[in-house]
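Enquirer: Work the whole structure out from these sequences, hints included.
Chains as they are written, first to last, in my numbering: chain Y, -14 to 49; chain U, 6 to 154; chain B, 353 to 597.
Everything labelled a hint here was simulated from the structure, so no lab data went into it.
Pairs of lysine-lysine, BS3-like flavour, derived with a Cα cap of 25 Å: (1) Lys72/U with Lys465/B; (2) Lys66/U with Lys95/U; (3) Lys523/B with Lys465/B; (4) Lys589/B with Lys361/B; (5) Lys144/U with Lys66/U; (6) Lys434/B with Lys361/B; (7) Lys506/B with Lys9/U; (8) Lys465/B with Lys71/U; (9) Lys50/U with Lys66/U; (10) Lys9/U with Lys434/B; (11) Lys465/B with Lys66/U; (12) Lys434/B with Lys506/B; (13) Lys95/U with Lys71/U; (14) Lys361/B with Lys9/U; (15) Lys95/U with Lys465/B; (16) Lys72/U with Lys95/U.
Chain Y is nowhere near these chain B residues, computed Cβ spacing over 12 Å in every case: (17) Ile432; (18) His435; (19) Trp474; (20) Ser480; (21) Phe486; (22) Asn496; (23) Ala497; (24) Ser502; (25) Ala536; (26) Thr552.
Label pairs and their computed distance ranges (CB to CB): (27) Ile510/B with Ala16/Y: 22 to 32 Å; (28) Ala421/B with Ser145/U: 38 to 48 Å; (29) Ala28/U with Arg26/Y: 47 to 57 Å; (30) Pro67/U with Ala16/Y: 51 to 61 Å; (31) Ala493/B with Val93/U: 40 to 50 Å; (32) Ala48/U with Ile517/B: 33 to 43 Å; (33) Ala493/B with Ser45/U: 40 to 50 Å; (34) Ala141/U with Thr375/B: 40 to 50 Å; (35) Ala421/B with Arg12/U: 16 to 26 Å; (36) Ile517/B with Ala16/Y: 23 to 33 Å.
For every residue, glycine included, the Cβ atom is placed at its ideal position computed from N, Cα and C.
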Amino acid sequence: MTEVFNMGEYSMYIWPAWGFAVLVLGGLVIASVRVMQARERELAELEAAKPRRRRQKNPEGKSA
Amino acid sequence: MTRKRRRLTVVLLGGLALATAAALVLAAFEDNIVFFHSPSDIATKKELGIDRRLRLGGLVKPESWKKAQDGLTHNFAITDLSHEVPVVYKGIIPDLFREGQGVVVEGRLQSNGSFRADEVLAKHDENYMPPEVAEALRKSGKWKGGADQ
Amino acid sequence: MLQKYANPKRFLTLANSVLPWTTCATVILIVAGLYFAFAASPPDYQQGQTVRIMYVHVPSAWMAMFAYAFIVVASAVGLIWKHPVAHVGALAAAPIGACFTLICLATGSLWGKPMWGTWWVWDARLTSVLILFFLYLGFIALANAFDDSSRGEKASAILALIGGINLPIIKFSVDWWNTLHQPASVSKIDMPSIHSSMLTPLLLMGIGFTALFVTLVIIRVRAELASRRINALRAAKIHAEVAGG
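Expert: Below, the structure is given as structure tokens:
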């Protein structure tokens, strides 16, 4: 296993190259999934709240 | 449908006009887009004189590479197999620099016809293979590729 | 066929049935690709171990161009057939393409330093890829520059189509002009070019990155469709309150 990670004199170019790719793609995946989850949760809440609010004719709306 | 067809025509005609314009511009600036000039260019094109900085590219002529006593000054010739230019360079040479391999040097032509380089870039070819395969191919005579590392 | 998936709901049904498959394919292909890239492939006869940078650099370059081609097609479909999901798809693909382009530039630089002897040169290949990166940034900026999102979609789609001219320039730059960058290895039919032991990790990573691209586009399209629905619901609610109040 150790010889796999020992790239000799070129280690200082090979590992930063792969590290950068992992960082950028990993960040993109995490950001994309998080945004999707947050938006879909918000949408679900909004859709669940919609019929009730209409029935109540909520008072905040009147005061505004 | 007619509106869609019209938008399609506009996009296609626009693309055609753009491609033509781009082709004309690129053809006009061809001399500026090339990254380096060959030894034959140096021999034939008058505008590539001693008055300007330029890049010269080609193969390092086999058995032309000599290191001076100081270990930093290198003398070699760049050839495109029809013309060659002797090069003097003082500095560190990239790892891929080998006789018979592609190289691009940047600097100025001297009045004596040699080229004084202040930068040397190795150019590698598009062949990738394990050392054993390169060796076997060379032995079989099917391929005369560059030197091993 | 095209019109059928103009409906966001129908598109989402299809996309969600594809998503688990592309996610699995991404993981399997990239893990296999990494194994071949680092453990089961030899060093190069000239470049030694640095050839391992190729297995991330070249697939990233493929994806940088593939994502832009995707944006060009989606933008054309959006402009000509007024297909709403097409614009959303183009917008979703842009940050992914920009990331791949950035990886391509960075890994290329880290490969160029030990092999060529320079981090960067202004040759036709490197410069045209840098322009591609700025086209991505311009597309994203323009799409978000208008308050009215349909105007942003239209403006950015037109920019994407104009920038499409850069794709053949990138591809053929190494053949049309002399450059420091070497010509293509994989599309060449001649002898050595690239040995099969090195082609395996390259193709695995390439297909893995394509699967990753599809997965990310679906995720980002879902996010964008949800946020558009949120905005529509909010607008309807405000409208109802104003009318009712």
